[in-house]
Amino acid sequence: MSLLQNSDMKSSKNDILLFFVMIALGVLLILIFSNETKVMGDRVRVTLNGNVYGEYPLNKDDTFTVSSEHGENVICIKDGEVYVESADCPDKICVKHAPVHYDKETIVCLPHRLTVSIISDKEADADAVSE
Amino acid sequence: MNRYSRQTAYFFTVEIFNMKKKLFSVALVVIIFSAIAYWAQKSMPQSASADFFAMDTYMSVTAHGKGSEKAVQEVKQAIEALDESLSVTKKDSVVYRLNEIKSADLTPDTDLLIEKSLKIKKQTAGAFDICIYPIMKEWGFTDKNFKVPDPETLSRLCDELKNTDINIDRENMKISLSENAAIDFGGIAKGYASEKARDIICQNGINSAIVNLGGNVYALGHKSDGNNWKVAIKSPFDSEKKLGIVSVHDKAVITSGGYERYFEKDSVRYHHIIDPFTGYPADNGIVSVTIISDDPTLADALSTALYVMGKEKATDFWIKNSGLFDFVICDETQNLYVTEGVADVFTSELRYEIIKK
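From first to last, the protein sequence lines stand for chains B and W.
Heads up: the first sequence at position 91 corresponds to 91 in the numbering used here, and the numbers run straight through without jumps.
Heads up: the second sequence at position 215 corresponds to 215 in the numbering used here, and the numbers run straight through without jumps.
No wet-lab data here; the hints were simulated from the structure.
Just so you know, not all the hints are guaranteed correct.
[To be verified] Derived EDC-like pairs (lysine to aspartate or glutamate); straight-line CA-CA distance at most 16 Å:
| id | chain 1 | residue 1 | chain 2 | residue 2 |
| --- | --- | --- | --- | --- |
| 1 | B | 96 | W | 238 |
| 2 | B | 13 | W | 15 |
| 3 | W | 265 | W | 74 |
| 4 | W | 223 | B | 125 |
| 5 | W | 230 | B | 91 |
[As the list claims (entries may be wrong)] Which residues of chain W face chain B? A few of them, derived with a C-beta cut under 8 Å, are:
| id | residue |
| --- | --- |
| 6 | 19 |
| 7 | 233 |
| 8 | 312 |
| 9 | 349 |
Every residue gets a Cβ at the ideal spot worked out from N, C-alpha and C, and that includes glycine.
Full structure from sequences and hints, please.
Okay, here's the thing in structure tokens:
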């Protein structure tokens, strides 16, 4: 009798094991489904020639230089906005562009093939801008 | 004692057997769950985008669905190839050769584009004209060496424009231009590129994509959540603001604005949308025209044509062709006009007038 009880206890131990395995599986599944490690909050994405050069948090003030064979752009993140502080491109359209902070807003420097755009986790109010 | 130990051994074996069974079921559960997870991830909506520079602008194509990566790469290649053949500045392009020696080989793209351009020129009574290139060149809009041409030169070029002729010889696969003619697909090429992009994406079996060729937008199908695509129209007065949003599916949303490209001389602003009848930048009070249409190529050309026409003529033109397109027009006193076909899908914080037939 006592042995049977013992056996029951063992099997309930296995049940507990199974329980934990299921929880571990659940966690694993969540990890798999959220396949990308998401950076929370708005961020600035810089691309060169269509390739991502880097991503930077919008809420952390920062100034950095992006240089390529085409030239240099100094990008400044300040007070939750990003703008091109200076550039050695011929038209300076990127420098004249107003600071951006809304989702999908983009500053383009055509001569340097550089873009600076905002990526937001908040729902965007537009999917594209016709201009 | 012996009996007892035998019993213990018996129970012990059962125990191990049970444990093995449990372990086995746990392993089975793990395998099944992994399989489900793998399958779920595989069948989860995929998406891909390509961002690139072509036609002197920044382009972004995003497609959702199986095979989207292949589709966007094909779009990128097709548009880059189109740029190579339609550019007015690249020395080995078809258009460059045509403008230089007035004759070039007919390609499927140039055939379609010329035919469509001539059709739209006729429809718009000359407000859209690809032969405007010599005038654009005179202003420096083609190479950014801006200058204000003298009035005599402009009136001579406008007279010449009236007598230009484009000939398509399909038998010998040749295009030819009359003596003083030169063409520029600048007012229609991006629309045509959007159309190509749409066709390529559809051929790949994808029904959800947003194509943005430097502000010329085409919205294919619906978003992955089933809603319409929201396309904002940029404000001509403040680049941070918008005139409004149109919620659409399977539509091109293409805007022409004097604010896009211009230069200033003696504190006068000269923009790039030239009136083919005067040779000067269109000056009729309009500051932005957005065309919403099923046909991206038509939308691109009409955004220029209606800008040149002015609000009254543009309205008349729409009344006659309301089946083809809708518009959103903004004038310099910030009046906003929206045709009734898009009134239901247009939202704005600004006041606007709905134009009815």
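Hint check results:
Taken as a hint, the residue 96/B and residue 238/W pair is honoured in the structure, with Cα atoms around 13 Å apart against an allowance of 16 Å. Between residue 13/B and residue 15/W the alpha-carbon distance is near 12 Å, which keeps this suggested pair within the 16 Å criterion. Of the pairs offered as hints, the one joining residue 265/W and residue 74/W is violated, with about 43 Å between alpha carbons and a cut-off of 16 Å exceeded. Note on residue 223/W and residue 125/B: the hinted pairing holds, with a Cα-Cα distance of about 13 Å set against a maximum of 16 Å.
Between residue 230/W and residue 91/B the alpha-carbon distance is near 31 Å, which puts this suggested pair outside the 16 Å criterion. A cut of 8 Å between beta carbons decides the hint on residue 19/W: the least distance to chain B is about 6 Å, and the hint holds. Taking 8 Å as the C-beta cut-off, the interface hint given for residue 233/W holds, the closest approach to chain B being about 5 Å. With its C-beta approaching chain B no nearer than about 23 Å, residue 312/W sits outside the 8 Å limit, and its interface hint is violated.
The interface hint given for residue 349/W is broken, as the beta carbon of that residue sits about 11 Å from the closest beta carbon of chain B, more than 8 Å.
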